[in-house]
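Trainee: Here is how the chains run, residue by residue.
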Amino acid sequence: MKWILLVVALGALLMLGACGKKKQPPPPPPPPAPPAPTASIAVDPNTIQAGGSASLTWQTSNATDVSIDGIGAVQPNGSQSVSPTDSTTYHLVAKGAGGTQEATARLTVTQAPPPPPPTANVTDQDLFNQNVKDVYFDYDKSDIRGDQQTSVQADAQFFTQHTNMNFTIEGHCDERGSTEYNLALGDQRASAVKSALTTLGISASRIKTISYGKEKPFCTESNEACWQQNRRGHFVYQK
Amino acid sequence: MLLYPKFLLRRMDEADRSISRRRPISFHGLAQTLVLIGICCFLSSALLAQDWVKTGTSLGVEKVRLAVPDFKPGTSDPQNTALLKTFNDTLWNDLDVSGVVELVSKSFYPLQVPGQPPEVNFMAWNAPPPNAGMLAFGNLGVASGKLTVQGWLYDVKNIQSPQVLGKQYSDTASDAAARVMAHKFADEIIYRLGGGIQGIAETQIYFVSDRTGHKEIWAMDYDGSNQHQITHLGSIALSPRISPDGTRLAFSALTKNGWELLMFSIELNRLVSFPRMGGTNLSPAWSGDGTKIAFASSRGGEPDTEIYVADASGASPRRLTTDRGPDVAPVWNRKTNSQIAFVDGRTGLPQIYTMEVDGTNQQRMTDQGYAVSPNWAPNGQFLAFAWVRRYGPGEPGASDLYLMDIASKQWVQLTHDGGRNDFPCWSPDNRHIVFQSNRSGSLQIWSMLADGTKVQQLTFTGRNSQPNWSWK
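Protein sequences, first through last, are from chains R and L. Every number in the numbering used here is 55 more than the matching position in the first sequence, counting from 1. Every number in the numbering used here is 852 more than the matching position in the second sequence, counting from 1.
Because the hints were derived from the structure by calculation, they are not lab data. Check each hint, because a few of them may be wrong.
Stated by the list, open to error - Pulled a few chain R residues facing chain L out of the computed Cβ check, cut under 7 Å: (1) 233; (2) 270; (3) 275.
Backbone N, C-alpha and C define an ideal beta-carbon position, used for all residues, glycine too.
Could you put together the complete structure from these sequences and hints?
Mentor: As structure tokens, then:
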């Protein structure tokens, strides 16, 4: 039990000593104050339409903890794309050993004009999109292959029933091969689909064709599944 | 000097090919590595000599050893430093990629380099280590906003009468002016040391770039500098082809009426009128005399594109091909103006064909695979084209560039470095080829000598394709 006494005694001594020190002469002057942080933030453009995006850019220095309201903690310097639905004020807080600095940037979001009132065409368009099937091709081929005949026949039947609808057939190709040859091939594919439909009684005057070659792919991976998606005659409603 | 005396075609035999293919993967360990290095040293010269085309510029004649010490400041203007760097870098690169001289490495140069004729110490240059045959030197100085360059070419082995060339250039001081002066001086040297063929240092390359978000036509100097946008259509512009006199640019663009040929005046800096053909219109090509344009068109409700020839104004288009299958990418033999090479899919995969300009005498040039983008050499002798030679399941399917001798239909492979290489186009001096490749990971424009050496990347921003070299 002696050691407990000893510990208590030592503790008391230490406390006394500590308390005593407070009454000692003032401590040495504190080190110079750390530099105050700086912060700036900007958004470009500062007005966008709803659905658009703007670039938010910020710079800070001497800060250890930087955050932007609504975004959270961020790197001391950086930029990112933002696309808020409503006008937003971005409030940047940079905290450092030398204090806190704030900066704000305002992004005004204007609402897009209201969509035009629905017309009868929208229904037609919906009908078109629900019923008309694209026609898919083999590699480097533009003849309608056996398993696509049902699509072509169903499309022809639909267009026969909806004589008011005109449309464009887009010829598309996969990414392999040359830009120029693929445009020529896409042209041939679009013509092949058009020809199949006119054979089934659809008036050629209702059909426009365009080739996109490999310029507007539906799918951008480099594998056969994706390539097959891109080798097609694609129907687009034209009123 | 005959520059293309013989088209040398030698390919690796299968034994060599298998060794070169095995090289990077089959040997492990230090001992094997040492053996491998030995084999490589022994074989590399033979392999390189065998599988790469030699078009003649380097055959039979040893290239002149040319020393090009940095030009010296001619005045004490503070602008000198930056302009000297531009000038020296541009001049060195022009001479290096020209393919007609062997540049002596700067590490062999004496400490004292000349900026004026009296400062030339012949013994320091014409003996080893530099052992130069020729010395290009001079000075550059800015004085009251005016840049002046003096340059000389000396035959340093001919001490009695060394001067081959002495030139002076002056213009308002600017980085562009320094670049132009370097190009002009380089072309003078190349003209004299390269058998009297005009250099290409002042030529332009037109190309397609998507760096604005849309595919537009752009232009740049032949070395990749000074890249600038030509069209601002906000649609898709493809297949730029500059006219032989450099004043007009024909190209194909997606308009509201489909793919049409458009004509841009380089002089007026705007589109000029060109008739709408109807249907899909692609890949225009100028005849060597600039009076005709060949193109691919499905006008008149054709089921696929055919090759047409029209006047340069677009008037009186005349159809040349009638086969089933897409025809595209015509190019004239600019030497004779009597033949056109083109791509045709009449037998399935596209192949290269040639025909007379009236559509007769159609000849298939490639026998297999996927062959596209023919480009006729200015001398009329070769076709450069892109070829996936073995096509189908289990084949690697790399698209490489090839050269074919028109007369014999013999071919050699120019690129071996993987990736998809396409759209080769010859330089007007017949020594270089510009092309597109995704070998760097993205689609960019590259140039090389026509023997496959001195490969240089020219573009780095966005995706860039379909380069077309100006005719002069």
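Trainee: Determine for every hint whether it applies to the structure shown.
Mentor: Quick rundown of the hints versus the structure:
1. Annotation: residue 233 of chain R was flagged as interfacial toward chain L, and the flag holds, the nearest CB pair being 4 Å apart, inside 7 Å.
2. Interface restraint check for residue 270 of chain R: the shortest CB-CB distance to chain L comes to about 6 Å, inside 7 Å, so the restraint holds.
3. The beta carbon of residue 275 of chain R comes no nearer than 13 Å to any beta carbon in chain L, farther than 7 Å, and the hint placing it at the interface is violated.
Figure legend: structure checked against the earlier numbered hints; the only hint not met is number 3.
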